[in-house]
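Since the structure of chain A is provided, determine the placement of chain B on it from the hints.
2 protein chains.
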Amino acid sequence: MPSTGRLTRADAEAMDAADELALLRGEFLLPGGIVYLDGNSLGALPRRTAERVREVVEREWGRDLIRSWNANGWIDLPARVAGLVAPLIGASADEVAVADSTSVNVFKLLAGGLRLRPGRRVVLSEEANFPTDLYVAQGLSRLLGDVELRLVPRGSLRAALGNDVAVLLLTHVDFRTGEIHDLAGLTRAAHDAGALALWDLAHSAGAVPVDLGGCEADLAVGCGYKYLNGGPGAPAFAFVARRWHSALETPLSGWMGHASPFAFDTRYEPAGGVARLLCGTPPVLSLAALECGVETVARAGIEGLRRKSMALTQLFVALVEQECRAFGFALASPREAERRGSQVSLRHPKAYAIVQALIARGVVGDFRTPDILRFGFAPLYLRFTDAWDAVAALREVMENREWQRPEHQARARVT
Amino acid sequence: MPSTGRLTRADAEAMDAADELALLRGEFLLPGGIVYLDGNSLGALPRRTAERVREVVEREWGRDLIRSWNANGWIDLPARVAGLVAPLIGASADEVAVADSTSVNVFKLLAGGLRLRPGRRVVLSEEANFPTDLYVAQGLSRLLGDVELRLVPRGSLRAALGNDVAVLLLTHVDFRTGEIHDLAGLTRAAHDAGALALWDLAHSAGAVPVDLGGCEADLAVGCGYKYLNGGPGAPAFAFVARRWHSALETPLSGWMGHASPFAFDTRYEPAGGVARLLCGTPPVLSLAALECGVETVARAGIEGLRRKSMALTQLFVALVEQECRAFGFALASPREAERRGSQVSLRHPKAYAIVQALIARGVVGDFRTPDILRFGFAPLYLRFTDAWDAVAALREVMENREWQRPEHQARARVT
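Protein chains in written order, with the numbering used here: chain A, 1 to 415; chain B, 1 to 415.
Next comes chain A alone, as it looks inside the complex (with noise of 0.2 Å):
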């Protein structure tokens, strides 16, 4: 980004021109006429898995029936997309599992988790946290009865990592600011109080770097419709570090997290390492899906993405801050790109019928209750000139007073 003078479009077109992954944009279907910045809500189709999942369909379950679950090798996709999504986050393919949903994952391993601490009985989290991984926790608080859900601002975790807490969770990077957390510093922090960490990286997974085995994390789940591009509600992932192998146990011991399946054994023996966290038999479409938009990141090095990503966010605010000054938005992410994941969030009063003026402009982001526009940069398929783009309608949105418009007030189902 040139660093003096006022910004123009051809600066974006230069930095499209020698943007190195420029060319995977192409490994995309994407719209006409849109610039999406909601890959963090909904990652984009990538083409490929639309052959593929037609594949599975029309091949391998129509044809094939039910042996593909071995001639096919059904029966290995979640460890086998494990082994995609595991160098993403800086795990070895035997500490992933992928299964269910990100909130059932949580479940798993925070009474997993909770076990592994006995005589501790706290949860500690912040009130910012994904609702989600509050919700859970809350469940699992009403169900065991003696377990508490502490939250705490942002600010004081760390002081209040005493010595009755048995698991930290924490979102690495925060849905409505993408401020990114000290993953390393507060699982060391909760290693010195004697607490286990539990990560949720549904914002991280894809988009920013992430080293689980060099922080000598325990715990960690994620999204795979998300940067992982997996499709909408594609399942999760759930990590847990090798030196927990052989005493986590999962609450949800089903068929499939079984050590013989098909034994139909009365007795449950869990499967080794994270093939426990399996439970019921493994949503195949769903899982090629997943595996298809998993392979987009791995192919292009998270490393590469991460710099075009912080590159992105960066120019975007230069811009709103160039385009945008009159209009009272106020920086909800960190200024560094560093502290931010792959998004910029802004603040204004009017957030939600701006953000849908700008969806009527063909400007894809979202809003976050209360006062949050939230825009996501997916490096793999954004431009330079989509950052570019999508400032020049937010500044027309706001000339035009069009966010006033009767028809961008009333709330839709999903937000």
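Because the hints were derived from the structure by calculation, they are not lab data. Mixed in with the good hints there might be a few duds.
[Unchecked claim] Quick list of in silico lysine to any residue cross-link-like pairs, SDA-like style, CA-CA up to 25 Å: (1) Lys-350(A) x Arg-325(A); (2) Lys-350(B) x Ala-263(A); (3) Lys-350(B) x Glu-321(A); (4) Lys-350(A) x Ala-318(B); (5) Lys-350(A) x Arg-395(A); (6) Lys-350(A) x Asp-265(A); (7) Lys-350(A) x Arg-401(A); (8) Lys-350(B) x Ser-260(A); (9) Lys-350(B) x Asn-70(A); (10) Lys-350(A) x Gly-362(A); (11) Lys-350(A) x Ala-263(B); (12) Lys-350(A) x Glu-179(A); (13) Lys-350(A) x Arg-361(B); (14) Lys-350(A) x Gln-314(A); (15) Lys-350(A) x Arg-361(A); (16) Lys-350(B) x Asp-389(B); (17) Lys-350(A) x Ala-71(B); (18) Lys-350(A) x Phe-264(B); (19) Lys-350(B) x Asp-371(A); (20) Lys-350(A) x Glu-127(A); (21) Lys-350(A) x Ser-260(B); (22) Lys-350(B) x Arg-361(B); (23) Lys-350(B) x Ala-318(B); (24) Lys-350(A) x Lys-350(B); (25) Lys-350(B) x Arg-401(A); (26) Lys-350(A) x Thr-266(B); (27) Lys-350(A) x Phe-262(B).
[To be verified] Quick look at which bits of chain B chain A covers, simulated, 3 or more residues with Cβ under 8 Å: (28) 139-151; (29) 248-256; (30) 376-387.
[Claimed, not checked] Pulled from the structure, derived: some chain B residues nowhere near chain A, Cβ distances all over 10 Å: (31) Glu-13; (32) Ala-193; (33) Pro-334; (34) Glu-338.
Model, not experiment: these values are computed from the prediction. From the three backbone atoms N, C-alpha and C, an ideal C-beta is built for every residue, glycine too.
The following block gives chain B in isolation, referenced to the frame of chain A:
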């Protein structure tokens, strides 16, 4: 079926000609040269599914992206599919939720059921129940510490309904033998003992009509990928009788079961009714496939399907007895069609190798440990001549001792 004399293939052909449901086979994409008697493990692919999944992937995900949650009704998919499942099991649409796997739903309802019976800490089941139900009960038991899973033989269930039993956990149609439990009588017996009944309808839904409402059933779960034709690892369903709606708590309290998921409140507040059983983000591709699968059953009508299913299994039993008397098979299923589900199971010491030899001839059934050959008769797409051809193949496998071939001995990963 002719009541006297030796059955011939012409008799089966005549039954096909008279079959009012015969045309439904055309709604499925079935491979040529195969007699598929494994629709109880994995239902066949409906033609419509192939088209619908392509549409969801390419148009709804690829083109409409995130706005599909509202614009293409993704957010309503779980309730829409639930509305199709409900009449098949004698439930109201607002008593069924479609989410997660059968195993995960057993966990939700077992935990929820235990809370509805405070002071009682026994889950009663039978040793022959499908293992994942037992495993999940064991996982919950280990998690809670004071819950006992008590397993008794089938004939002792009523006597074992003591005043410490909170939940009677049974599978309606036995996965090995196909024997049907007296759902109404056992539910009544559970109620008389002050317990709730939780029924697993995995081998019933879509093949055997169930009247949960008429039986005053409390809780049930079921599988989407067997007779509902939802595809490999399809989402499962859960039933909660309306009278329990306000009291039932799920420990898996994820954001999609929240009263207002997009308010992003810190505190979990359950949605009204069964909607609280949703947990993570709905798996859209899998739900779209499941919707098409359930529609095939709904269009055909469950009562007519049951009549055809009974006629198919009756013919198969008669043919095995006519053609294969010399080979040492024992009928593992009840002889009376009314007392068995849509399957016929035989016992034979060489069951595994015989099943492999049949598969090599294109007759696909499955083996269930230790000595069961299991043949599922999905009435939507099977013909009476399929029953004839299957038995003819079985006879040749035995006469020619094809099962002795070395390639039929080695156990596959998934059986």
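Cross-check of the supplied hints:
1. Between the alpha carbons of Lys-350(A) and Arg-325(A) the distance comes to roughly 16 Å, so the proposed pair stays at or under 25 Å and holds.
2. For the hint pairing Lys-350(B) with Ala-263(A), the CA-to-CA distance comes to about 16 Å; that is within 25 Å, so the pair holds.
3. Between Lys-350(B) and Glu-321(A), the direct Cα distance comes to roughly 76 Å. Violation of the 25 Å bound is thereby established for this hinted pair.
4. Between Lys-350(A) and Ala-318(B) the alpha-carbon distance is near 74 Å, which puts this suggested pair outside the 25 Å criterion.
5. Simply put, Lys-350(A) and Arg-395(A) have alpha-carbon atoms about 14 Å apart, close enough for the 25 Å limit, and the pair holds.
6. For the suggested pair Lys-350(A) and Asp-265(A), the alpha carbons sit about 59 Å apart, so the restraint of at most 25 Å is broken.
7. Under the criterion of a C-alpha separation no larger than 25 Å, the hint pairing Lys-350(A) with Arg-401(A) is consistent with the structure, at around 11 Å.
8. Restraint check: the Cα-Cα separation between Lys-350(B) and Ser-260(A) comes to about 21 Å, which is no more than 25 Å; the hinted pair holds.
9. At most 25 Å may separate the alpha-carbon atoms for a hinted pair to count; Lys-350(B) and Asn-70(A) meet this at roughly 21 Å.
10. Restraint check for Lys-350(A) and Gly-362(A): satisfied, since their Cα atoms lie roughly 19 Å apart, inside the 25 Å limit.
11. In summary, the hint linking Lys-350(A) to Ala-263(B) is supported, as the alpha carbons are separated by about 16 Å, within the 25 Å threshold.
12. For the suggested pair Lys-350(A) and Glu-179(A), the alpha carbons sit about 22 Å apart, so the restraint of at most 25 Å is met.
13. With a C-alpha separation of about 68 Å, the suggested pairing of Lys-350(A) with Arg-361(B) is violated against the 25 Å cut-off.
14. With a C-alpha separation of about 24 Å, the suggested pairing of Lys-350(A) with Gln-314(A) holds against the 25 Å cut-off.
15. With a C-alpha separation of about 17 Å, the suggested pair Lys-350(A) and Arg-361(A) falls inside the 25 Å cut-off, and the hint holds.
16. A hinted pair counts as satisfied when its Cα atoms are at most 25 Å apart, and Lys-350(B) with Asp-389(B) qualifies at roughly 21 Å.
17. Distance restraint check for Lys-350(A) and Ala-71(B): the Cα-Cα separation of roughly 23 Å lies within the 25 Å cut-off, and the hinted pair is therefore satisfied.
18. For the proposed pair Lys-350(A) and Phe-264(B), the alpha carbon gap of about 18 Å is at most 25 Å, so the pair holds.
19. Between the alpha carbons of Lys-350(B) and Asp-371(A) the distance comes to roughly 68 Å, so the proposed pair goes past 25 Å and is violated.
20. Proposed proximity of Lys-350(A) and Glu-127(A) is supported: the alpha carbons are some 24 Å apart, at most 25 Å.
21. The straight-line distance between the Cα atoms of Lys-350(A) and Ser-260(B) is roughly 21 Å, inside the 25 Å bound, and the hint therefore holds.
22. Distance restraint check for Lys-350(B) and Arg-361(B): the Cα-Cα separation of roughly 17 Å lies within the 25 Å cut-off, and the hinted pair is therefore satisfied.
23. Between Lys-350(B) and Ala-318(B) the alpha-carbon distance is near 21 Å, which keeps this suggested pair within the 25 Å criterion.
24. As the CA atoms of Lys-350(A) and Lys-350(B) are separated by approximately 72 Å, the hinted pair breaks the 25 Å bound.
25. Restraint check: the Cα-Cα separation between Lys-350(B) and Arg-401(A) comes to about 78 Å, which exceeds 25 Å; the hinted pair is violated.
26. For the hint linking Lys-350(A) to Thr-266(B), the alpha-carbon distance of about 22 Å falls within 25 Å, and the restraint holds.
27. As the CA atoms of Lys-350(A) and Phe-262(B) are separated by approximately 17 Å, the hinted pair is consistent with the 25 Å bound.
28. By the rule of at least three residues with a Cβ nearer than 8 Å to a Cβ of chain A, the coverage given for the segment 139-151 of chain B holds, with 6 such residues.
29. Evaluation of the coverage hint for the segment 248-256 of chain B: fulfilled, as 8 residues show C-beta separations to chain A shorter than 8 Å, against a requirement of three.
30. For a cut-off of 8 Å, the count of residues in the segment 376-387 of chain B with a CB near a CB of chain A stands at 0, and the three-residue condition is violated.
31. Every CB of chain A lies more than 10 Å from the CB of Glu-13(B), the least distance being 25 Å, so the non-interface label holds.
32. No beta-carbon of chain A is positioned within 10 Å of the beta-carbon of Ala-193(B); the least distance is around 23 Å.
33. Interface exclusion of Pro-334(B) from chain A stands, the closest Cβ pair being 20 Å apart, more than 10 Å.
34. Against the 10 Å criterion, Glu-338(B) stays outside the reach of chain A, whose nearest CB is about 26 Å from its own CB.
Hints 3, 4, 6, 13, 19, 24, 25 and 30, counting from the list given before, are not met by this structure.
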